[in-house]
Amino acid sequence: MGFDLLKERRAQVVRNNRSGVVSLDCNKVSAAGSVSQRACTFCGSRVVLYPIADALHLVHGPVGCAAYTWDIRGALSSGPELHRISCSTDMREREVVFGGEQRLEASLRRLIAQHAPRAAFVYGTCIVGVIGDDVPAVCKRVETDVGIPVIPVLAEGFRGTKRDGYNAACGALLRLIGTGDATAVKPQSINLLGDFNVAGESWIIRKYFEEMGVEVVSVLTGDGRVDEIRRAHGARLNIVQCAGSMTPLAKAMQERYGIPFIRVSFFGIEDTADALYRTAERMDSPDVMGRARALVSREITRVLPELRACKDALAGKRAGLYVGGAFKAFSLVRALRQLGVSVVLAGTQTGSQEEYQELQAVCDEHTVIVDDTNPLELAAFLVEQDVDIFIGGVKERPIAYKLGIGFCDHNHERKIALAGFEGALAFAREVRVTATSPIWNLMPRRTRGAGTAMGDTR
Amino acid sequence: MSCAAAKETAPMVHSSAKPDATVNPCTLCAPLGAALATAGVRGAIPLLHGAQGCATYIRRYLISHFREPMDVASSSFGEAQTVFGGEDNLGRALDNVLAQYHPELVTVATTCLAETIGDDVPLLLNRYRTRTGNALPLVHAATPSYKDGHVEGFHAMVYALVKGLACNQGAPSRAVNLLPPLVSPADLRHLREIVAGFDVAAIVLPDYADRLDGVILDRYRALPDGGTRLVDIASMPRALASIDLTLTGRAPRASKLLAERGAPARVLGLPIGVRATDVMIESLSELTGAGRPAWLVGERGRLLDAYADGHKYVFGASVGLYGDPEFVAALAGFLLEIGARPVFCATGARNRALPEALASLPAGSVDEVLDDTDFESIGAACERHKPDLLMGSSKGYRLAHALGIPLLRVGFPIHDRLGAGRILHVGYRGTTRLFDELVNALLQGRQDASPVGFSYL
Ligand code: SF4
Ligand code: SF4
Chain B
69 MGFDLLKERR
79 AQVVRNNRSG
89 VVSLDCNKVS
99 AAGSVSQRAC
109 TFCGSRVVLY
119 PIADALHLVH
129 GPVGCAAYTW
139 DIRGALSSGP
149 ELHRISCSTD
159 MREREVVFGG
169 EQRLEASLRR
179 LIAQHAPRAA
189 FVYGTCIVGV
199 IGDDVPAVCK
209 RVETDVGIPV
219 IPVLAEGFRG
229 TKRDGYNAAC
239 GALLRLIGTG
249 DATAVKPQSI
259 NLLGDFNVAG
269 ESWIIRKYFE
279 EMGVEVVSVL
289 TGDGRVDEIR
299 RAHGARLNIV
309 QCAGSMTPLA
319 KAMQERYGIP
329 FIRVSFFGIE
339 DTADALYRTA
349 ERMDSPDVMG
359 RARALVSREI
369 TRVLPELRAC
379 KDALAGKRAG
389 LYVGGAFKAF
399 SLVRALRQLG
409 VSVVLAGTQT
419 GSQEEYQELQ
429 AVCDEHTVIV
439 DDTNPLELAA
449 FLVEQDVDIF
459 IGGVKERPIA
469 YKLGIGFCDH
479 NHERKIALAG
489 FEGALAFARE
499 VRVTATSPIW
509 NLMPRRTRGA
519 GTAMGDTR
Chain G
-15 MSCAAAKETA
-5 PMVHSSAKPD
5 ATVNPCTLCA
15 PLGAALATAG
25 VRGAIPLLHG
35 AQGCATYIRR
45 YLISHFREPM
55 DVASSSFGEA
65 QTVFGGEDNL
75 GRALDNVLAQ
85 YHPELVTVAT
95 TCLAETIGDD
105 VPLLLNRYRT
115 RTGNALPLVH
125 AATPSYKDGH
135 VEGFHAMVYA
145 LVKGLACNQG
155 APSRAVNLLP
165 PLVSPADLRH
175 LREIVAGFDV
185 AAIVLPDYAD
195 RLDGVILDRY
205 RALPDGGTRL
215 VDIASMPRAL
225 ASIDLTLTGR
235 APRASKLLAE
245 RGAPARVLGL
255 PIGVRATDVM
265 IESLSELTGA
275 GRPAWLVGER
285 GRLLDAYADG
295 HKYVFGASVG
305 LYGDPEFVAA
315 LAGFLLEIGA
325 RPVFCATGAR
335 NRALPEALAS
345 LPAGSVDEVL
355 DDTDFESIGA
365 ACERHKPDLL
375 MGSSKGYRLA
385 HALGIPLLRV
395 GFPIHDRLGA
405 GRILHVGYRG
415 TTRLFDELVN
425 ALLQGRQDAS
435 PVGFSYL
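Line order of the protein sequences matches chains B and G. Heads up, the first sequence stops at 526 in our numbering, and the numbers go up one at a time, no gaps. Heads up, the second sequence stops at 441 in our numbering, and the numbers go up one at a time, no gaps.
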C-alpha cells in the first residue's frame, strides 16, 4: 500500500483470508480528520423518509443542511412531488439566541396551508439539539390545529451515526402505521420495506407482485404515500430489502402487529427469483406460487442471452465497491460474480459486526474489506488491487475517474433502475459499457510502460 | 418581447428574506465557500470544525459541480464534543490530517454547531501549536451559517488567508494581486492570462483552477498540484496593486487589508461585457505602464463584431438573473450594454452587496432586486416579470422548465451538465461566448415556437 493507514483506522480494514473471519471495528463515529465518505445521523433519517411524496419535509436548522438535500435522490413519484422541494426554517442568529420554536411554527403553518400535505416531518439538525427547542411540543400544537400528523424526527447530526438516523426514521414511520383502515387489504399481501423507487425500481417490483396476485399495501418508502403507510399494518408479510435501514421497523411491526418479515434483495436475477419465490411460499396459495414460477422462467429466458454476452465481454475484470449498507454489498458481490467479475475491494459506510462477517464469507480470498473508509484509502486500494471498475456514489466517482478507472453509480442519484430482471440487465449493460470503453486504453495507468510516447499525460 | 423603454423611470423594488421558511434555497452555507477558497492555495486542505455531515454534504456538492476530488476534513463531533467542547477532536483531526495529507496549510472553518456551542477556535489552535510544537500555518475563519452563506464564507476565508499569511512587507515586486469571487477554473486561467499579457506576474487568490480542473493521473495525489503558493501569498503586500473583483457588502475586504499593508487596491466589477472588461484592462495598463497586448485588442474587436451580428435578437429581451452577487451584478451590466433587460436580479447572499452594486445603475435599469432570497421567491418574481429567459445556476432548471423558457447556465452550481469548470464567463472572450449562447438560446425558442421553422437567421 502506498500510504500509511491512520492508526485509529487499522482495525477497520481487513484482507480476506479463507483461514478465518476477522472482526472489524465498525459502527462507530468517524475518526476526526479522516475525511469520511459518510454523512450524518440527520442524513440517515432524511434519506429514508425522503421519497414520501405527499408529505411536507421541513428541515429545522440553518439553511445548509436543507440546501444540500434538495432534490438529492432520484426517488420518483407517480403523483405529488412535495419531496422534491427543500424546506428549511433557515435559522438565523436571532433563533440561535432566542430559540427557533416560533419560526418553526410559522413555517409549518404557512407551508401546510400552501401545499396541503397529508403529513409533515420535521427534521432537527445539530444546533436544534443544542439550543433546546421543544420541537415535539410545536409539532403537537400544529398537528392539533391542522389535523394532519406532524411528526418530529430528532436525529441531530452529532447524535451517533447514519444508522441512528435510520432508527429515528423508522420511529417516525411507526407513528403513521396502524392509523389507517386496513380492512380491505387482501389476505395475499405484503409491504415492501427499504425500496426508495430510485429510477422507478419500486414500480418494477410492484409489477411482479401484481402479476403474482399479491397486493402491495405499501412501499416504504419508494413512491410513498401517507395513506398507504397508515394501512401498512394490514399486510400479511413484510419483505425487507434495505435491511440496514429497515430492520428496526420490521421488528417493531412484528412485535406490534404480528407481521413476520423476510430479508430479500431485488438486485441480480438470482436474488430477485429467490425473493419472489420466498414471498410466494409465505402466501399459502398454490396459485401465487404458480404465477411466480411462470414469471421467473419467462423473465430469465428473456434476459439470459444478453447477460451471457455481457459476461463474455467482462471476463477477468476486477471490481471494487463502496456502498452505504452491507446488504447492497452482498447483492453486488453475487451479481458481479454472475457477470464473471471478481470483487477485489468491498466496503460499506454503515456495516455492523455480523454484516462484515457475512461480507467476508461471500467475498473471495484477498479481497480488501473496509469500513467507513476515506478517499486516500480508496485511491490506494484501487491501484493496489488493480480495479477495472469501481461501484459507489457521487463522492467516490472522481477518485476512480482521476485514476482512469471505470465507475458505476450505485447510489441514489442514478437514473438507471437496477432492480429486478430488467434491472439486472441494465446493470450488466452499465458495467459492460463502463469496463470495456476504449477510452481506458488511453489512460496513463494503462499506457505507462507500454512503449507509448506519451505514457504520462502530465 | 416587451419594449425596453417601457419602464424607464419605475423605481427598483427591493425584496428580502421571508419571516418563516426558506423554500429551495438560493445559497449554500458559509463553510462551503471557505472550503472552496482553501482549494485555491497550494498544499492546503480545509478542515470543518463540527459534526461530520456538513463536511460530507459540502464535498458532495462541490464534487457534483467540479467533477474532481475535493477533500474536506471534519472534526467529527459526537455528543461528548457537543456538550464539552471540541478541543480534543480538533486536535485529533489536525493530527490525522497532517498524517494523511502532509499539507502546507490547514484552514479551519466553523460549522453552525461549533459556533453555537461557542468553541474559541483561535485559542484552540494556539494551544494545539504550543502542545505539538508544530509550525505548520493554520488559518481560521469563523463561518456561522446562521449568519452567512457560501459567498460570505468564501470572502471570509480569503480575508483570513490574507490576514494570516500576506505579511511580507518589503521591496515592491512586479506583480499584481487579483482577488476574484467564486468563478470557474476557466475564468481563473483566463484572468491569469490577461494579467500576464501586461508582463507582470499575477498572484491570484484563490486560484483553484488546476486543483479543481485537473489532469488525469496514474498515481493519486492526496492534495492535487496547483493553487497559489504560500510564498506568493506572503508577498502580496509588495505587489504593484490589488485588483479586487469581489463585492463584499458589509464584510471586510481582503484588498483593503492589503492596501493597509502596502499594495493599493482597485475594486472593480467582474469583467463581463465590453465596458467592464475595458475597465480592468485600462487598470492593468495604468498600473503596469504596458500597452494592451494585440491579442486582447483582437478579442475586443471580435466581440464588438459579434454584438453587431446579433444585436437584433437580444434587444428588449427580458432576462431573470440569479446567483452570487458578483455574477448577477456583472451580468446585469452586460445585458444593459447589449440592449437586453435584466428584469430582476436575485441572490441568496446576505451581505447586501447586490443591492448596493445595483443602486449605482441608472433608474429603470432593473425592475426588482431580491437579496437573501430563495427560489420560491424567484418563482414569484418570474410570475411578476415574465422573463424571456433565465440566467443563473442549474438550480433554476425546474423553474425554467415549468415556465417553458430557456435557462442559460452560468456560475455555480451547475449539477446537471458536464463541464461547469470549463465555462468561461470573463473577459472579451468569455463575453463573446455568453453572447453567442444567449442569442442562440433565444433563436432556439423562436425556432421551436414557429410552425414552419427557419433555415437561416
Ligand atoms: S449546520 Fe451549518 S455548516 Fe452544517 S450544513 Fe447546516 S448550515 Fe452548513
Ligand atoms: S449540521 Fe448536523 S445535521 Fe446538519 S449536515 Fe451538519 S452534521 Fe448533519
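Fair warning: there could be bad hints in the mix.
Computed footprint of chain G on chain B, listed as stretches where at least three residues anywhere in the stretch have a Cβ under 8 angstroms from a Cβ of chain G [as the list claims (entries may be wrong)]:
{"#": "1", "stretch": "116 to 130"}
{"#": "2", "stretch": "199 to 209"}
Over the 10 angstroms line for every Cβ pair with chain G, so calculated as not near, a few chain B residues [stated by the list, open to error]:
{"#": "3", "residue": "Ala134"}
{"#": "4", "residue": "Arg376"}
{"#": "5", "residue": "Pro512"}
Hint data in this document are derived by calculation from the structure and do not stem from the laboratory. Using N, Cα and C, we set each Cβ at its ideal position, and we do this for glycine too.
Report task. Check the non-interface label on B/Pro512: least C-beta distance to chain G beyond 10 angstroms or not. Result -> violated (4 angstroms)
Query raised in the report: Going by Cβ atoms, does B/Arg376 stay more than 10 angstroms from chain G at every point?
Result: Given a closest Cβ separation of 33 angstroms, the condition holds.
Report task. Establish whether the coverage given for the stretch 199 to 209 of chain B by chain G is satisfied; the threshold is a Cβ-Cβ distance below 8 angstroms, and no fewer than three residues must meet it. Result -> Contact hint for the stretch 199 to 209 of chain B vs chain G: violated, 1 residues under 8 angstroms.
Query raised in the report: Is it the case that B/Ala134 keeps its Cβ farther than 10 angstroms from each residue Cβ in chain G?
Result: The assertion about B/Ala134 is violated, with a minimum of 7 angstroms to chain G.
Query raised in the report: Do at least three Cβ atoms from the stretch 116 to 130 of chain B come closer than 8 angstroms to Cβ atoms of chain G?
Result: Since three or more residues must qualify, the claim that chain G covers the stretch 116 to 130 of chain B holds, with 3 doing so at under 8 angstroms.
The structure is inconsistent with the numbered hints 2, 3, 5, although it conforms to all the rest.
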